[in-house]
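Model the full structure from these sequences, guided by the hints.
Listed in order, the protein sequences are those of chains A and B.
In terms of this note's numbering, the first sequence has 150 at position 150, counting the first letter as 1, and numbering is strictly consecutive.
In terms of this note's numbering, the second sequence has 56 at position 56, counting the first letter as 1, and numbering is strictly consecutive.
No lab work stands behind these hints, which were simulated from the structure alone.
According to the in silico footprint, chain B covers these stretches of chain A (three or more CB under 8 Å from chain B):
# : region
1 : 182-194
2 : 204-211
Straight-line distance between alpha carbons at most 25 Å, and here's what the computed SDA-like set of lysine to any residue pairs gives:
# : chain 1 : residue 1 : chain 2 : residue 2
3 : B       : LYS113    : A       : ARG205
4 : B       : LYS134    : A       : LEU210
5 : B       : LYS134    : A       : ARG282
6 : B       : LYS134    : B       : GLU163
7 : B       : LYS113    : A       : SER198
8 : B       : LYS134    : A       : THR284
In this text, a Cβ means the ideal position worked out from N, Cα and C, and glycines have one as well.
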Amino acid sequence: MSKGFRIWGLVPAWALMLLTLILPIFIVAGVSVGERGAYGGFEWSFDLTAYRQILFTLGWTDELEFDPKYLIIIARTLGYAAGATAISLLLALPVAYWISLQSARDKALLIYLVTLPFWVSMIVRVYAWLIILGNDGMAETVYRFFGGSDVPGFLFTPGAMLVGMVYSYIPLMILPVYAAVEKLDPALIEASHDLYGSRWTALRRVIIPLASPGLVGGSILVFVPCLGTVLEPMLLGGGRQLMMGTLIQNQFGGARDWPFGAAIAMVLLVLVVLVLILNARRATRQLEVQA
Amino acid sequence: MQKRLSAIEIIGVSKQFGDFTALHQVDFRILQNEFFTLLGPSGCGKTTLLRMIAGFESPSRGTILLNGKDISDSPAHKRRVNTVFQNYALFPHMTLSQNIAFGLENLGWERGKIRARVGEMLEMVHMSQFAARKPDQLSGGQRQRIALARALAPGPEVLLLDEPLSALDLKLRQSMRDELRRLQRETGITFVFVTHDQEEALDMSDRIAVMGNGHVQQIGAPDEIYEAPQNRFVADFIGETNFLDGEVVSVEGGHATIRTALGIDITAAQSGVQGPGPAVLSIRPEKIGLDARAEGETRSGRIVSRNYMGGFTHYTVEAGGVSLRVSQRNAQSRQGRLDVGDEVRLGFAAENARVLGQ
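And the structure:
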């Protein structure tokens, strides 16, 4: 391969990255330091009001008052994303491990089934939960069948939001976890039993440590989209609990405050990048230990 | 042999995988402090049997006793038996010390005792300087030693070895054989060794169980298995042999007289012969003598091929319409050199031949 090709051959890739990733980020960053337009939209300038707004509100006399309401939304978003990730992890590990024990033909079929929901629009899938969890829906019917008399109302609760988030993103957890446990040598698990280890010991000391790249990868793939998710809090949480995704959407929509929406989006971006950096550092540390 | 206790008793054990029967009603005993080998071609059921002793498979029928206790239904982690796996199955994320300590930790040993035992084990396999390494930083032979140390550390009642030498190169294999024998003698632990390599089995074992088609074909000391095979399968699988089809003319106790295409009636030790009828005569190539070395009644033959092997020369000799493989030791150099096309006398002592039922 000539040197020219090595450089020019990468141009399409770089062009794509520039147009679809880097340029939009700069535009959002630019908007976030812009000024609210008088009739919606915004005007270019350099003004940090939007960022100040995240932490402070203006009092009656224009003095700055610390207001944690947006910090609470950020913390809540992190909490829900972490919760959905943890639940996905707990559910995905046994599922992925079970799939890895099946015959080659069944494995392919089961993995296909795991990805099947992706063929249906996200909105439709979340709406389906609206019906399942709603009044006289399947969840309430089952609850009554098992003798529950006062139906607590499943919809518009934190639980409903978590169910929706886990349901939406768990395939992204199952796939990398499966890829990791599928590579495990079954003899290693036999060896741990042979050396007096119970099933729990095998899981804790052999399967989880060896599958950890997949567990971490899957956790990132679930955690990151959960941070910005909009549909589940809106439809299943009933918009009662504001999350970052909804907040951003509101600023660009109803509130017509583009700079503030963009500022929140930048905060979200920083959070995501932080998660990725932490993971990258962990991965290099692991490589150093191995070397 | 004086009365010794059995370490393992296999009683009427069968194993079925769907329609396939891997083991048919196997019965035998492995004695304490014995180096016992399960030998057979792939698919003979030897690995299945080993995995049932380890607890990775359970018998479809029958009972397995470990030092008199029925372990047929106890899970692998409750059996005082350890395994050296074919590809060692060392935990790649743990150091060598951690690998060896794994079993001891699960048994609930105290930390100080574990540390002492790990050190002792590393020393035993001459790997002390590598304690902090990970398995992927080791050569095949070194991994093998660690796998042994890990399996021996908890002091199992029986050590199971699943073709542990098959992943090593030839030279290393030879030295590991001696090492395994040494460890077995030093620890006094019963070793159950699975292999398809007859040379390994003959070299290392106190006793060998030859397995074929899901049955135990013969159990005995290496020389018994080689010199007195009980059936065609064993005679064929262990070493090389000539089979001469023939007709049994009379049977008397342990001996039978057989008439073969060589045209001589030969009376030799028999097994599996019920009475007159078709049978085979088995005679090993090195038991047949040519010219001056020919024993017994001799026949004339012609050499059709000759392969010089250094210590031995292998010949194919045609006599009376049958072709026989003959192997002669090259004792004195250039003495009585035979070539393709030469006429020779060949003969063998009847006590070196066996008559085997069909």
